[in-house]
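Peer 1: Below are the chains, spelled out letter by letter.
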Amino acid sequence: MDASTWVAKRPTPSALAQLFDNKAFLIAVCLFPAVGLLLVFLTYPLGLGIYLAFTDTEIGGNGHWIGLENFEYLLTDRIFINSVWNTMFYTFVATVGKFALGLWLALLLNHHIPFQSAIRAIILLPYIVPTVLSAIAFWWIYDPQFSIISYVVVDQLHLRDKYFDFLGEPWPARWSLIVANIWRGIPFVAITLLAGLQTISPSLYEAAMLDGASPWQQFRRITAPLLMPILAIVMTFSVLFTFTDFQLVYAITRGGPINSTHLMATLAFQRGIPGAQLGEGAAIAVAMIPFLIFATLFSYYALGNRKWQQGSDND
Amino acid sequence: MTDAKPISPAEADQRVDAEVSGGVTEGEGPQLLSWDSRARRIVTVYIPLVIFLIVLLFPFYWMAVTTFKPDNELLDYKNHNPFWISSPTLDNIKKLLFDTDYGHWLVTTMFVAIGSTFLSILASVLAAYAIQRLRFRGSDYVGLAIYAAYLVPPSILFIPLAQVVFQMGLFDTPFALILTYPTFLVPFCTWLLIGYFKSIPYELEECALIDGASRLQILRRITLPLAVPGLISAGIFAFTLSWNEFIYALAFISSTENKTVPVAILTELVSGDVYHWGALMAGALLGSLPVAVFYMFFVEYYVSSLTGAVKE
Numbered sequence: 645m646d647a648s649t650w651v652a653k654r655p656t657p658s659a660l661a662q663l664f665d666n667k668a669f670l671i672a673v674c675l676f677p678a679v680g681l682l683l684v685f686l687t688y689p690l691g692l693g694i695y696l697a698f699t700d701t702e703i704g705g706n707g708h709w710i711g712l713e714n715f716e717y718l719l720t721d722r723i724f725i726n727s728v729w730n731t732m733f734y735t736f737v738a739t740v741g742k743f744a745l746g747l748w749l750a751l752l753l754n755h756h757i758p759f760q761s762a763i764r765a766i767i768l769l770p771y772i773v774p775t776v777l778s779a780i781a782f783w784w785i786y787d788p789q790f791s792i793i794s795y796v797v798v799d800q801l802h803l804r805d806k807y808f809d810f811l812g813e814p815w816p817a818r819w820s821l822i823v824a825n826i827w828r829g830i831p832f833v834a835i836t837l838l839a840g841l842q843t844i845s846p847s848l849y850e851a852a853m854l855d856g857a858s859p860w861q862q863f864r865r866i867t868a869p870l871l872m873p874i875l876a877i878v879m880t881f882s883v884l885f886t887f888t889d890f891q892l893v894y895a896i897t898r899g900g901p902i903n904s905t906h907l908m909a910t911l912a913f914q915r916g917i918p919g920a921q922l923g924e925g926a927a928i929a930v931a932m933i934p935f936l937i938f939a940t941l942f943s944y945y946a947l948g949n950r951k952w953q954q955g956s957d958n959d
Numbered sequence: 003m004t005d006a007k008p009i010s011p012a013e014a015d016q017r018v019d020a021e022v023s024g025g026v027t028e029g030e031g032p033q034l035l036s037w038d039s040r041a042r043r044i045v046t047v048y049i050p051l052v053i054f055l056i057v058l059l060f061p062f063y064w065m066a067v068t069t070f071k072p073d074n075e076l077l078d079y080k081n082h083n084p085f086w087i088s089s090p091t092l093d094n095i096k097k098l099l100f101d102t103d104y105g106h107w108l109v110t111t112m113f114v115a116i117g118s119t120f121l122s123i124l125a126s127v128l129a130a131y132a133i134q135r136l137r138f139r140g141s142d143y144v145g146l147a148i149y150a151a152y153l154v155p156p157s158i159l160f161i162p163l164a165q166v167v168f169q170m171g172l173f174d175t176p177f178a179l180i181l182t183y184p185t186f187l188v189p190f191c192t193w194l195l196i197g198y199f200k201s202i203p204y205e206l207e208e209c210a211l212i213d214g215a216s217r218l219q220i221l222r223r224i225t226l227p228l229a230v231p232g233l234i235s236a237g238i239f240a241f242t243l244s245w246n247e248f249i250y251a252l253a254f255i256s257s258t259e260n261k262t263v264p265v266a267i268l269t270e271l272v273s274g275d276v277y278h279w280g281a282l283m284a285g286a287l288l289g290s291l292p293v294a295v296f297y298m299f300f301v302e303y304y305v306s307s308l309t310g311a312v313k314e
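Just so you know, the sequences run in chain order A and B. Mapping to the working numbering: the first sequence position 256 is 900, numbers consecutive. Mapping to the working numbering: the second sequence position 298 is 300, numbers consecutive.
So that you can see chain A by itself, here it is in the shape it has in the complex (with noise of 0.2 angstroms):
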């Protein structure tokens, strides 16, 4: 084909098909729907949900600002105070248990060991079984005539001489809880822990161990140094969302027995939606901004550290 027939062969573009090779109009179109999305359903609402949280809005009816009111209010209740402290207490205690166990499994898994991608498949069901469903489960192990484990630890081991009772006082409930967020947390912080030990070379180990290094020596000046930074993430994102952990609790103990299992979440959502305080309900849940912030911040800079880890330039 020679050059003539070429040109003769290109047809001119129509107005539009031109408007769509404008670099800034496509751009904004490109962008409208992902940002229009986020600033109608995030944004607004969030910006909504502090304004709400300084007013005394119940539902169907239009609220006043009454200023600090409602978190003055929250101060003085022993509930909410008590979600605050059951908060922390379940976020730190199910974050410790979730990467003590995850990074191990996630050594485990690092061996050649047969099936591994099955095994790994496997591992991962806890976490896609809807939190919901597998938290039924949870409850139902749990019962306080039913339950399996006083099954086997009562009638068939005989170490004890009395079922357990485990949602029925504060103390064994929180327990419960944070062992079934702990199981659901499990498989994400293993594989994404182990996807980071992959990248690990090898290479690092046998000098190591050349030298004459210890297993404890090799994982305390290897591999713990070099899966920082992805650990600081998934520790992020474990963090932020085991803080504002909701399904669980409300499936399991609905913040009972008498309200000494609620988490921030929980309460917000039972003073918010069935109780009608939307103004209250939403100066729970800005209250739980600040942790969140500082999560965030926490990811920002772990995320910088991933430039420098894997030594690829800043693009």
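Everything labelled a hint here was simulated from the structure, so no lab data went into it. There could be a bad hint or two in this list.
Claimed, not checked - A partial selection of chain A residues facing chain B, derived with a Cβ cut-off under 10 angstroms:
1) 667
2) 672
3) 676
4) 680
5) 704
6) 748
7) 769
8) 827
9) 889
10) 916
11) 933
Predicted model only: the values in this text are computed from it and were never measured. Where is the CB? At the ideal position from N, CA and C, for every residue including glycine.
Guided by the hints, dock chain B onto chain A, whose structure is given.
Peer 2: Frame of chain A; chain B shown alone:
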């Protein structure tokens, strides 16, 4: 370091015993480094791994066993071994399928999950293309802002969102969920797709530009076909996340027939003080199965998107 000492079975057993009773583990010094026998591997790797697997899978097993148990076995541990079923029954599943709106909930959930996945992928592909390929001043900051949106959890948004949804007249309709789920799907999918677009050589697009293709043609004919694995990963992730979503579905939907499966199982099947554990577990099992089967088909994509998103 390959000269491992041959060990007789008896010796190996002794070592297992020593290790089980808390003996040999770490800090044994260099001379033991080459000792990587079967016994040691079994104790330090396989046994913990099997325990992990049992603990992680037991709730599902228990769910399934309870589903197929008749009521007399379910509540009688004295005469029936609770870990097994002597006379399996489909009563609970029949009850779930025919005495409740389960079919309805399933259709609603499917509709919501597919709708929100489609919407999120569309928005994310365009946004990721603009941020990664059209490159404009401040595109990095737009990308960072979208990533930051992922750090805003639904738990602090659902109260004001309930008001927004109500004012829009969407309360108690599936569209309330289809439009709000992208708030957590779009940030994740965009971030994932930016990573994928990055891996496609820009030279391909330059060639097409020289050949006279328009930007949209390039996106449709070159970039998207090459990004198909990324699109599948993002789609699967978005689908499972919307299937599993709970708090928005609980707050924005009130009528029985519009509920999604996870919410309906918890709120509709739990009635009064007597729990019908058989039916509840059947609901939990059937609500988990579609997403578990779907996941099993695309495991590799799923794992790569999960780990990719963290590494990106």
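Peer 1: What are the numbers of the hints the structure violates, in ascending order?
Peer 2: Going through the list in order, the structure violates no hint and respects every one.
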